[in-house]
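**Student:** Start from the sequences and build out the full structure, keeping to the hints where you can.
Chains as they are written, first to last, in numbering that gives the first Met the number 0: chain A, 0 to 250; chain B, 0 to 347.
It cannot be assumed that every hint is accurate.
What the hints assert, rightly or not - Between beta-carbon pairs, the in silico distance windows are:
| hint | chain 1 | residue 1 | chain 2 | residue 2 | range |
| --- | --- | --- | --- | --- | --- |
| 1 | B | A177 | A | L67 | 44 to 50 Å |
| 2 | A | D25 | B | T11 | 31 to 37 Å |
| 3 | A | G61 | B | S248 | 21 to 27 Å |
| 4 | A | G54 | B | T11 | 38 to 44 Å |
| 5 | B | W252 | A | G54 | 24 to 30 Å |
| 6 | A | A237 | B | T11 | 44 to 50 Å |
| 7 | A | L67 | B | R341 | 39 to 45 Å |
If you are wondering where the hints come from, they were derived from the structure by calculation, not from laboratory data.
The beta carbon of each residue, even a glycine, is placed where N, CA and C say it ideally should be.
Residues per chain are reported as follows:
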Amino acid sequence: MIGWREVEVSYDGNRVLGPVTLEVGDGEWLGLIGPNGAGKSTMLKAAVGVVDHRGTVSLGNGRRRVGLDVAWMPQRPNLPEDMGVADYVLLGRTPHVGHLGSESRHDVESARAAVERLDLADLARRPLGTLSGGEAQRAVLARAIAQEAPILLLDEPTANLDIGHGIEVLEVVDELRRREGLTVVTAVHDLTLAGRFAERLALLAKGVIVADGPPGEVLTEELLTAHYGPGIRVIEDADGPTVVPVRRSIG
Amino acid sequence: MSAATTPAVAVTPARPGRPALLAGLVALTGAAVTGLLVGPAGIDAGQALFALADALPWVEVDHHLTEVEMRVLFDIRLPRVVMGAVVGAVLALAGAAYQGVFRNPLADPYLLGVAAGAGLGATLAFSWSGTEALVALFALAGGLVAVVITYTLGRSVGGRTTTSLILAGVAVAAFATAIQTYVLQRHVESIREVYSWILGRLITVGWSEVVGLAPYAAVSALVLIGSRRLLDVLALGDEEATALGVRVSMVRWVLVAAATLATAAAVSVSGLIGFVGIIVPHTIRILFGWSYRVIVPLSVLFGAAFLVTADLAARTLVAPGELPIGVVTAFFGAPFFLLVLRTIRRAP
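**Tutor:** Printed below as a string of structure tokens:
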């Protein structure tokens, strides 16, 4: 479980988020959607304590143990270009290793499993700087998964991926969620993709949540055009809503 | 991306390879033995070698060194070599730590104002008291004060970014140097002394200086070597390290304090020896890998070997005179610095 209660974030006196109150239950997948600058990334950053915020974020029922209880995949990760993929994934075990200690056999095993799960075995020794955008994206996700935290916060996990790899990566996350009972929160730009995987969507606009519910209720032409602007059509079919762009000048 | 089909993925924590460790040990031993055998006293190198072997535990070798020659070997050359090794190791370690903590390949005691602060402290000690004993203490205090000001300024100006910190360090260094120049002009009589100290020297070193430096060096080396994995985590940036459960500010403080303590202690006995902290870690990085788990331990070996060699050059190149060791390290270090600068600028 992860809950934001009255969370607010300000940069230089300008409020960019909140107040936001939202709870995501165990094993649930919530998709955060919203236009650029709506506060999606900020909301995730507040949850892991990398931006100062007011209000409280609760993880499970106890205190916030960042790293152990929650893993965060940043939208723009720092990828030291000489660092090898396997070494990078192994850093995901940091919350489990003492400050002055080194990795146990179990830590190495978890990292190895994450490398294999994201199909990075052949790239394990490659420096991060030589990876394609999609490969790097998978390496970052592998690092987050290696943390083995019960809550996964993924900021644009499919941003650099083609549609095929995008689906593959989200399938991996979904499989983990079902098997391990993970709680997943993803910020995703692709509204259709968001609706296909998340059971519930929260629409953020100008820092506040304006809609929250199953994809069918949030991905409506009325709501989307109100917050993204005109030129959006939603097609309903058996798989759920599909969001397609319409040229404004023609439409 | 389903079940893994490839067996045995290579996931192992980085550590120095055996060839790298061996190379470091050979370099250090070679430099130390050469440093012990070469000198202006004209001791027969072969006999000196026998005498050294004889001094090892459980080894007995006959030699024909006189008592004076024995004293030169064990009370003049040996402490100087040991001091060179300790100072070199400590400066290389500190350089590697600063680079890791500030994620800046050019970070070193100079950039953070540590050296300038230590220099100002030493100048004040020379000018006011002229007491040799106070120089070490003042240099230490100056270095620590400088890095504290740099850190505080950097944070207050630039929040969580590290570039502001480096800029603050440059400002602190300039300020400290300005005060130092002023103090020097007011106390012209101590200029010569201060300059010889600023240029670095291991000439007057005896066992008492080695004993004085050893505890500081040991403490900071333990802290820095123990934290080598954390330096790799910090390479991910403050936000991601924080999200991995690392208390970034505290870790940064501890590492900076350890590196500064070591630097100022070394500087206070040996004067300002520049560029070791840049040359050694970067060479290791190029030869043996990017990870601080490799760079930090190897910096001890190669830093020690490097400075013992530099000292050897300092006292043989213009024999019977002696070059300040800081001149030797700068001669190799300055071009190296520019080389590093070029490679950074070429990177995206």
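**Student:** For L67(A) and R341(B), compare the CB-CB distance with the range 39 to 45 Å and indicate the outcome.
**Tutor:** holds, 42 Å
**Student:** In this structure, is the beta-carbon distance linking W252(B) and G54(A) contained in 24 to 30 Å?
**Tutor:** holds, 28 Å
**Student:** For the range 44 to 50 Å, tell me whether the beta carbons of A237(A) and T11(B) fit it or not.
**Tutor:** holds, 48 Å
**Student:** Taking 44 to 50 Å as the stated bounds, is the beta-carbon spacing between A177(B) and L67(A) within them?
**Tutor:** holds, 49 Å
**Student:** Does the hinted range 38 to 44 Å hold for G54(A) and T11(B) at CB?
**Tutor:** holds, 42 Å
**Student:** A range of 21 to 27 Å was offered for this pair. Does it hold for the Cβ distance of G61(A) and S248(B)?
**Tutor:** Holds, since G61(A) and S248(B) (Cβ atoms, about 23 Å apart) stay within the stated range.
**Student:** Does the beta carbon distance between D25(A) and T11(B) stay inside 31 to 37 Å, or does it fall outside?
**Tutor:** The hinted range 31 to 37 Å holds for D25(A) and T11(B), with Cβ atoms some 35 Å apart.
Taken one by one, the earlier hints all hold for this structure without exception.
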